[in-house]
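2 protein chains.
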Amino acid sequence: MAVQMIAGFPSTSGDDFQLNTITLLKNADATYPEVEIVDRNLDGSMFRYTYKEAYTRVKKLANALKRMGVKPGDRVGVIEFNTHRFFELYFAISGIGAVLVQINPRISNHDRAYVINHSGVSFLFVNEFMVSLVEPYAQELKQVKKYVVISERPFEDVSTALTPRAGFEEILGAESHEYDWEMIDETSAFSACYTSGTTGLPKGVFYSHRAIYLHTMTAAVNLKISSRDVVMQTVPMFHCHGWGFFFAAAMVGAKLVFPGLYTAETTNVLVDMMVAEKVTVNCGAPAIFLPMLEYIKTLPKRPDFTGLRMASGATEPSITLMKGFWEFGRVEIIHAYGATETAPFVTANLRKPSLDNLSSEEQWELKKKQGLPVSGLDFRVVDSKGEEVPHDGSTVGELLVRGPWITTSYYNDERTKDSFVDGYWKSGDGGTIDENGFFKIADRFKDLIKSGGEWISSIDLENAIMGHPDVLEASVVGIEHPKWEERPLALVVLRNKESEGEALKKGIYELLAKRFARWQFPDDIVFVEEIPKTSVGKFSKKEIRASYKDFYTGSTNK
Amino acid sequence: MAVQMIAGFPSTSGDDFQLNTITLLKNADATYPEVEIVDRNLDGSMFRYTYKEAYTRVKKLANALKRMGVKPGDRVGVIEFNTHRFFELYFAISGIGAVLVQINPRISNHDRAYVINHSGVSFLFVNEFMVSLVEPYAQELKQVKKYVVISERPFEDVSTALTPRAGFEEILGAESHEYDWEMIDETSAFSACYTSGTTGLPKGVFYSHRAIYLHTMTAAVNLKISSRDVVMQTVPMFHCHGWGFFFAAAMVGAKLVFPGLYTAETTNVLVDMMVAEKVTVNCGAPAIFLPMLEYIKTLPKRPDFTGLRMASGATEPSITLMKGFWEFGRVEIIHAYGATETAPFVTANLRKPSLDNLSSEEQWELKKKQGLPVSGLDFRVVDSKGEEVPHDGSTVGELLVRGPWITTSYYNDERTKDSFVDGYWKSGDGGTIDENGFFKIADRFKDLIKSGGEWISSIDLENAIMGHPDVLEASVVGIEHPKWEERPLALVVLRNKESEGEALKKGIYELLAKRFARWQFPDDIVFVEEIPKTSVGKFSKKEIRASYKDFYTGSTNK
Chain A
0 MAVQMIAGFP STSGDDFQLN TITLLKNADA TYPEVEIVDR NLDGSMFRYT
50 YKEAYTRVKK LANALKRMGV KPGDRVGVIE FNTHRFFELY FAISGIGAVL
100 VQINPRISNH DRAYVINHSG VSFLFVNEFM VSLVEPYAQE LKQVKKYVVI
150 SERPFEDVST ALTPRAGFEE ILGAESHEYD WEMIDETSAF SACYTSGTTG
200 LPKGVFYSHR AIYLHTMTAA VNLKISSRDV VMQTVPMFHC HGWGFFFAAA
250 MVGAKLVFPG LYTAETTNVL VDMMVAEKVT VNCGAPAIFL PMLEYIKTLP
300 KRPDFTGLRM ASGATEPSIT LMKGFWEFGR VEIIHAYGAT ETAPFVTANL
350 RKPSLDNLSS EEQWELKKKQ GLPVSGLDFR VVDSKGEEVP HDGSTVGELL
400 VRGPWITTSY YNDERTKDSF VDGYWKSGDG GTIDENGFFK IADRFKDLIK
450 SGGEWISSID LENAIMGHPD VLEASVVGIE HPKWEERPLA LVVLRNKESE
500 GEALKKGIYE LLAKRFARWQ FPDDIVFVEE IPKTSVGKFS KKEIRASYKD
550 FYTGSTNK
Chain B
0 MAVQMIAGFP STSGDDFQLN TITLLKNADA TYPEVEIVDR NLDGSMFRYT
50 YKEAYTRVKK LANALKRMGV KPGDRVGVIE FNTHRFFELY FAISGIGAVL
100 VQINPRISNH DRAYVINHSG VSFLFVNEFM VSLVEPYAQE LKQVKKYVVI
150 SERPFEDVST ALTPRAGFEE ILGAESHEYD WEMIDETSAF SACYTSGTTG
200 LPKGVFYSHR AIYLHTMTAA VNLKISSRDV VMQTVPMFHC HGWGFFFAAA
250 MVGAKLVFPG LYTAETTNVL VDMMVAEKVT VNCGAPAIFL PMLEYIKTLP
300 KRPDFTGLRM ASGATEPSIT LMKGFWEFGR VEIIHAYGAT ETAPFVTANL
350 RKPSLDNLSS EEQWELKKKQ GLPVSGLDFR VVDSKGEEVP HDGSTVGELL
400 VRGPWITTSY YNDERTKDSF VDGYWKSGDG GTIDENGFFK IADRFKDLIK
450 SGGEWISSID LENAIMGHPD VLEASVVGIE HPKWEERPLA LVVLRNKESE
500 GEALKKGIYE LLAKRFARWQ FPDDIVFVEE IPKTSVGKFS KKEIRASYKD
550 FYTGSTNK
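For the protein sequence lines, the chains are A and B, in the order given.
Numbering (numbering that gives the first Met the number 0) for the first sequence: 0 to 557.
Numbering (numbering that gives the first Met the number 0) for the second sequence: 0 to 557.
Among the clues, some could well be false.
No distinction is drawn between identical chains; accordingly, a pair holds when it is met within one copy or between any pair of copies.
What the hints assert, rightly or not - Each computed DMTMM-like pair below joins lysine to aspartate or glutamate, with the alpha-carbon atoms no more than 20 Å apart:
{"#": "1", "residue 1": "Lys296", "residue 2": "Asp42"}
{"#": "2", "residue 1": "Lys223", "residue 2": "Glu331"}
{"#": "3", "residue 1": "Lys351", "residue 2": "Glu35"}
{"#": "4", "residue 1": "Lys537", "residue 2": "Asp303"}
{"#": "5", "residue 1": "Lys70", "residue 2": "Asp184"}
Treat the hints as calculated values from the structure; they're not laboratory data.
Note that the structure is predicted; figures quoted are calculated from it, not measured.
Let the sequences and hints guide you as you build the complete structure.
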């Protein structure tokens with residue numbers, strides 16, 4: 000959708016000068032050539048070089064790409080860990096006007112083949128330890144002209160069925176370290192990432208140079224990243240370009256730390272690098288931060304992380320987690336909200352001076368929220384009529400957002416029409432804004448219950464019911480209702496079947512009365528042996544809704 | 000000059016979403032409505048309101064402008080002190096797509112009339128205490144359709160010959176506080192500022208929305224401005240939009256402090272506000288900071304300015320000045336470089352971690368330099384052949400710069416051809432870059448002496464010669480030379496005429512030998528009664544060069 004706009008008086012500014020990602024590295028090379036980039040090799044040893052050396056390799060890589068036949072607009076796939084080579088690929092591929100397609104090693108082969116083919120990848124870089132993620136379906140990748148294997152070892156030691164192929168270090172070897180970067184129209188795609196939605200095939204988001212450049216500045220402003228910081232790239236670089244932290248580091252000339260290969264089971268390597276390299280900015284999610292904290296507590300020498308800020312996404316960080324890190328030098332976990340479609344920064348939980356007089360416990364509670372919208376976006380939480388909800392911390396609406404780094408469509412995908420409206424991305428997330436402007440996700444929108452024009456959060460009800468000592472599990476869904484459109488129904492599994500009965504129901508409703516209005520209560524509570532779950536262990540609300548769809552229409556309205 | 004660029008693959012990002020200045024205030028209103036804006040009334044009392052109230056008045060002002068007949072593209076002049084009303088005008092005028100023309104109250108009536116007419120101002124806002132800066136030539140301002148007098152008093156109490164006229168508060172009064180902002184093409188001018196060059200008529204720079212938006216983010220990144228800061232707008236808002244500090248404050252939701260009317264003689268009001276409002280970010284120049292420091296030292300209660308950063312422009316801050324402020328809470332004076340043509344940030348003297356091991360005296364010496372180029376610009380210091388000079392801290396070249404917030408022409412002005420080349424602004428400033436990337440201005444380029452392809456700094460020579468106890472004043476100029484193109488000549492005024500003679504010359508050369516190579520010495524030293532000066536007391540090098548132009552060609556080469 001083209002945006003309507005008015006033209007004013009012409010300026011004399013250099014408006015033709017395009018926002019190009021390579022500018023970030025060019026400037027780091029010119030002004031911070033001595034600053035270090037550290038990468039953890041697979042054997043655990045450290046690789047170290049500088050922005051100057053990185054830039055030299057990026058120029059060689061750009062020449063190598065050109066020699067291979069990569070042209071502006073071509074899509075170049077990458078399957079790699081968080082390494083300095085991935086960093087180089089980001090700058091070299093986008094620098095020559097091609098598109099780096101981020102390929103998720105964790106999705107199914109079927110979906111990965113779809114991403115590679117749908118995006119039109121014609122050159123594919125893949126780490127030698129992940130070739131098996133491509134080999135099984137390589138014959139289906141008709142558009143791929145060449146594979147480049149990324150390895151720390153000499154190319155002849157690498158064995159793979161992918162062909163034709165070359166080695167990353169080998170193609171760089173002979174190239175010149177001079178490259179005359181052309182200016183690229185800033186609306187050209189610099190990279191692409193596919194959403195890994197729970198239903199259907201992945202959907203393609205192609206980020207422009209302009210989007211990522213502005214997003215990088217936004218990240219630097221909100222986390223106050225400067226040349227005095229040491230930035231660790233923990234978020235996977237195949238996932239929404241690792242939230243762009245390495246770009247922000249390059250912009251300000253901060254030391255960069257790449258952890259290489261790690262998993263949720265080996266987060267101790269992250270902690271060890273944080274201590275050794277004196278990391279001050281990190282990014283991740285509670286699922287990673289929690290085992291990190293457990294490991295930190297076991298260290299013989301208590302580390303001091305003074306000055307450390309950690310952007311945290313995915314789910315609400317618990318107060319225990321936040322307080323746990325705070326103990327090691329007033330570490331700040333900054334809850335942030337975003338998605339593949341938003342590049343990702345939309346909100347960040349920054350501390351407002353006007354709330355400094357809140358009690359310590361209120362402050363911790365506040366820090367769980369998704370936070371304040373970052374500047375530069377058109378951020379709206381709207382009711383079913385499209386009107387913005389009041390800033391009361393309780394009225395739930397759906398988040399719609401548009402702006403320079405927000406996607407306005409999926410690449411070549413029919414499903415675009417379901418997720419975008421008037422240039423806004425429909426997040427599918429229901430949330431509230433409180434009187435201080437803090438956004439809080441109540442629920443995935445499809446899990447919200449719409450009763451008489453008002454929204455009820457199923458997650459909040461579930462959490463409250465699970466607070467009852469006799470309850471093992473609880474799931475709340477919205478069931479069709481003749482008068483109220485939908486009404487909540489609770490399914491409850493008890494710790495001990497003996498306690499079942501009206502007395503227990505009464506006890507649960509008494510518990511709910513502490514936090515909810517009567518109209519928000521589930522109309523009924525059903526005790527069950529088991530709640531249907533999906534393959535990844537989440538409640539299968541779809542299945543519950545199907546099983547109980549006539550529960551309120553077929554029976555008497557309470 | 001159109002920039003050559005290549006197009007890549009289309010993105011799915013919201014690239015149509017324009018960078019508009021009003022977005023900064025809209026977001027402050029939505030997310031930081033409670034944050035305070037403080038302004039000093041003329042009687043010294045404080046006016047206080049919030050971003051929310053400011054935004055409400057801006058919307059009323061936008062409606063008032065429309066009602067008066069201001070259309071997108073129209074130029075609206077403003078002559079005002081640093082007040083909340085100037086702040087409102089910046090957002091309202093640019094918000095409706097018109098151009099705020101910054102009018103300098105310190106230039107001559109002749110030049111001011113030129114600026115108003117040349118820029119095509121059709122509506123003129125003027126503070127009641129500055130109407131006399133317009134009245135004498137109002138009949139020459141044929142394009143001005145209406146004057147709006149800015150006053151704290153009721154309009155009927157204001158007396159002026161300007162007509163037709165209205166009162167600022169009066170035009171706001173009846174307007175609605177609803178305004179539906181249209182999106183403005185970001186390459187449209189948001190404001191204009193005219194250079195006050197030492198020769199010729201002022202030259203017009205029309206900044207685009209895009210330029211100022213990106214510049215605002217750059218200022219926030221480099222000074223790490225956040226919602227926890229209190230930003231004081233000390234640099235005059237008629238001069239390169241006060242370096243845009245109030246924009247950066249709005250972007251991050253920082254408390255804002257406007258000092259209203261002050262002069263170099265009344266900087267104590269600035270200090271008093273800094274103490275009372277707990278200012279943490281300020282901007283200015285040594286000429287303002289020096290009297291502030293003197294006043295701070297006299298305060299009965301020693302203030303604590305912990306956390307304060309002050310961006311300092313115009314001239315090198317002395318170590319005495321920087322150390323003086325440092326005593327009051329490790330205050331950082333950050334030397335920055337820029338000009339009207341550059342919006343203005345080009346460099347900022349940030350502390351590099353790699354130089355933390357320098358001695359304290361070396362650090363202070365380093366802080367005098369103009370500093371490190373900010374990210375996002377194409378910054379080149381070039382020799383006469385257009386080649387970049389080595390980063391050796393001694394080779395002088397001319398600074399050329401281009402980028403999204405750098406001007407590429409003067410509005411409707413023949414002199415454009417002298418100051419721009421291939422999209423670069425030719426600064427006319429000669430400088431060096433040291434091995435750590437720090438830029439230092441050696442001289443205005445026209446005051447540099449070009450000898451045998453090398454540059455010699457006249458200012459450095461002058462300072463050295465004036466270090467001799469017998470010397471009262473010294474001026475060094477480049478004089479045409481048959482072999483070396485130019486050679487330096489020194490004019491010296493002695494404290495006591497009796498000391499004149501060859502022995503003294505020898506003494507001066509011995510002094511120079513401590514800092515300069517022989518080839519950099521003036522070929523001759525002429526003792527004079529007086530050195531010609533300009534009306535503002537600077538050495539008139541033009542006149543000196545004219546008087547001595549045959550000095551080396553007409554006489555024997557030494």
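Hints versus structure:
Taking the closest pair of Cα atoms, lysine 296 and aspartate 42 never come within 20 Å of each other, the shortest separation being 25 Å inside a single copy and 59 Å across copies. In this assembly of identical chains, lysine 223 and glutamate 331 lie within 20 Å of each other by CA distance both inside one copy and across copies; the values are 13 Å within and 17 Å between. Within a single copy, lysine 351 and glutamate 35 get their C-alpha atoms only as close as 34 Å, which misses the 20 Å cut-off; across copies the closest is 13 Å, which meets it. Taking the shortest Cα distances, lysine 537 and aspartate 303 never come within 20 Å of each other, neither inside one copy (37 Å) nor across copies (55 Å).
For the homomeric pair lysine 70 and aspartate 184, the shortest alpha-carbon distance inside one copy (14 Å) is at most 20 Å, but the shortest distance between copies (31 Å) is not.
Hint violations for this structure: numbers 1 and 4, all remaining hints satisfied.
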